[in-house]
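There are 2 protein chains.
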Amino acid sequence: MSKSMVGSHAVWPHEDDPIFGLAKRAGEAKEKFGKEKVIDSTLGSLVDDDGNLICFDSVYDELKNLPNSEIAAYAQVAGQGDFLESVIEVLFKEYKPEGHIRAVATPGGTGAVRHGIWNYTEPGDTFIVGDWYWSPYQTMADEFERKLKIYPFFNEKGGYNVEAFKENFNSIIDSQKRVLTIFNTPANNPTGYSISDEEWDEILEIIKEKAKDKENKITILLDVAYIDYAGNDRRSFFKKFGNLPDNIFVMIAFSMSKGYTMYGMRSGAAIGISSNESIADEFYYSLSHANRSNWSNGVRGAMKVLTNLYRDKDKKAKYEAELESIRKLLVDRAKAFVDASKEVGLVTLPYRDGFFVTIPCENSKDVSEELIKDNLFAVPLKKGLRFAVCAVSKEKCAKSPALIKKALDKING
Amino acid sequence: MSKSMVGSHAVWPHEDDPIFGLAKRAGEAKEKFGKEKVIDSTLGSLVDDDGNLICFDSVYDELKNLPNSEIAAYAQVAGQGDFLESVIEVLFKEYKPEGHIRAVATPGGTGAVRHGIWNYTEPGDTFIVGDWYWSPYQTMADEFERKLKIYPFFNEKGGYNVEAFKENFNSIIDSQKRVLTIFNTPANNPTGYSISDEEWDEILEIIKEKAKDKENKITILLDVAYIDYAGNDRRSFFKKFGNLPDNIFVMIAFSMSKGYTMYGMRSGAAIGISSNESIADEFYYSLSHANRSNWSNGVRGAMKVLTNLYRDKDKKAKYEAELESIRKLLVDRAKAFVDASKEVGLVTLPYRDGFFVTIPCENSKDVSEELIKDNLFAVPLKKGLRFAVCAVSKEKCAKSPALIKKALDKING
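Protein chains in written order, with this note's numbering: chain A, 697 to 1109; chain B, 697 to 1109.
FYI, nobody ran anything at the bench for these hints, they're computed from the structure. C-beta: ideal position from N, C-alpha, C; glycine also. No false leads were slipped in.
Which residues of chain B face chain A? A partial, calculated answer using Cβ under 10 Å:
(1) W708
(2) G740
(3) Y770
(4) V773
(5) A774
(6) D942
(7) E978
(8) S989
(9) W991
(10) S992
Assemble the whole structure, with the sequences as input and the hints as a guide.
Right, dumping it as structure tokens:
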């Protein structure tokens, strides 16, 4: 007999998460050599200069002051009504696109991305994303028996590779008549790039051209997990998603993880935009069915926190002040890293916003191991090294590029 | 063009959850006539005699006293190690089966059931359950393109219909060579039935007979969402799942929703048992992959609460005392309902434990509507009416059977 009991589609390597393994080694180094001697750039969470996880007081005071029943009770399958109303405002701010907008609560941004891939592709379909991407997109493609096709993210000028997008988008839509295209922007994970409004105009022109064929079905999935650290003007692109043809559906994966320092509370939302009301309704009911089938309903206490921090003026002001101070901390750290990189001649991908700066390189695993000798821990990606400025003090951000340059030179010559 | 943008498998009726709609009408009736005049038996949550949701102090004091970072940080994909160790002890107590046991954290019991159906069947497969079942099993079958086959739950004596199970189990395993069979016990939702140890022996004999063919793959999925209200001796059946042949895999869906009054915190676990270590490991990695692809990781604060309420002796004692007092409240209410039913000649399904008593009947929707005229709100099922003793005071539990009998006689003559 075969020594397997799961379905044939559900057999996966017996491997633990590599980032977690690296974070564990960083923890051991801190024990051994002292926190100040170690640069731990492994985790995608905000950490203060003393190495403690940043948790907004405005958020946790609110959570802990909720009546127990507000945390204990089941939420509705699609999410609490006041949360769904609030999250739309919180997401778009003054850039709400025109159209029919619906929201459905999900566990983090992951749940929303998962629904995008599951609900808006057919089994076996190919969906596309630029080649610097959050690796769970591939995990999901594997899990759900879809295919992920990647295209070059950057062009030679260090801008978004609109030409490569066009070629791949057109090729898939022509053969499949349906395509899901994911953009992780602004504040892309892992590069820190944000697609500009001008680049968005070019992208949307390509998409609209293909939407002229009314048989084509195009879904744009925007993963905006890091948007709250990108500065408010980075939301202006949302306006462009109003008044699109019926056969372009736009879906946004919103996460409370980073913007509310609530990673472990697993709350987010999928927001859908359509010029056609029945297509917006279809989104709501299709995702509600998927909610019920996968996790029943969401974390009610987290939803209530977002709602209250949006609707109460004083709480809102306190929350926004905390967020802004941490956003500035992040900007400072990233600037220190990028400036120091220029000084030592370390090439980084063009950083705009967010938690990460990425150094393109070959043999990233070897480079990462070499850096561990200097007690610097950074995550090796397929095509580079991810440095988490969110987790490293400004001082250490300024020191790291020289160490990385040295390791790169040693490994890649 | 077709006015649909989702994949063809993801088109679902534009319908809201009927239980929620009924609960809303009950709420309106309470507003209009006063709480004391309305019997609201719609929701599957524990409510005290004054109509307030029961939230254990031991649980919410613990949650609210956690350091913010314990709530804020990401949990590991499979769940925190101390939680996974604790949940196995909490689940089995003194009845831990022999074998290789692994646990993976999930959002409530739903996430674990979902993994059971997704990971342990092939697309298109049929899985089986008795005909009094939690309706999301069917929702999941639809969502994941599996088929649900039901067989008669009760035999003529009011016991578990082992013969009907045998016939259906054998027929599916013979044709499919693989079968997933779900049992929602003890304290079945919606009937309140608990399969006895003697019935389990008969069921396992049937299963073991088919396991002699080493090509057959059999997965037993136990949904024990209500086990904490079933009395400790109802766990003795767990011992029977030790030392089974390799091709019988046992998976348990554990939920913190009811036992910890943490419905809205979405925490639970899937626990797998196998005599074969590599099959237990396969379970762990297969479900970890599914975790990562669907919701990334679980609610860390909820996991920590369970761990602390298990590991700290004083906290454990306080939690267990609260649970026991509410369990007794539930036993009293159910007894009041069942006794009053006998008095007025209302036939109920054989209740043993849990949140619900069910009255088998035809035209349940009409009966439910008729009862609303008396301000009694109970959930119509396909084959009966579900009365939530968890949500109704003892006094009202005693009054309800007469009202139900009257409505039944009026509608069904």
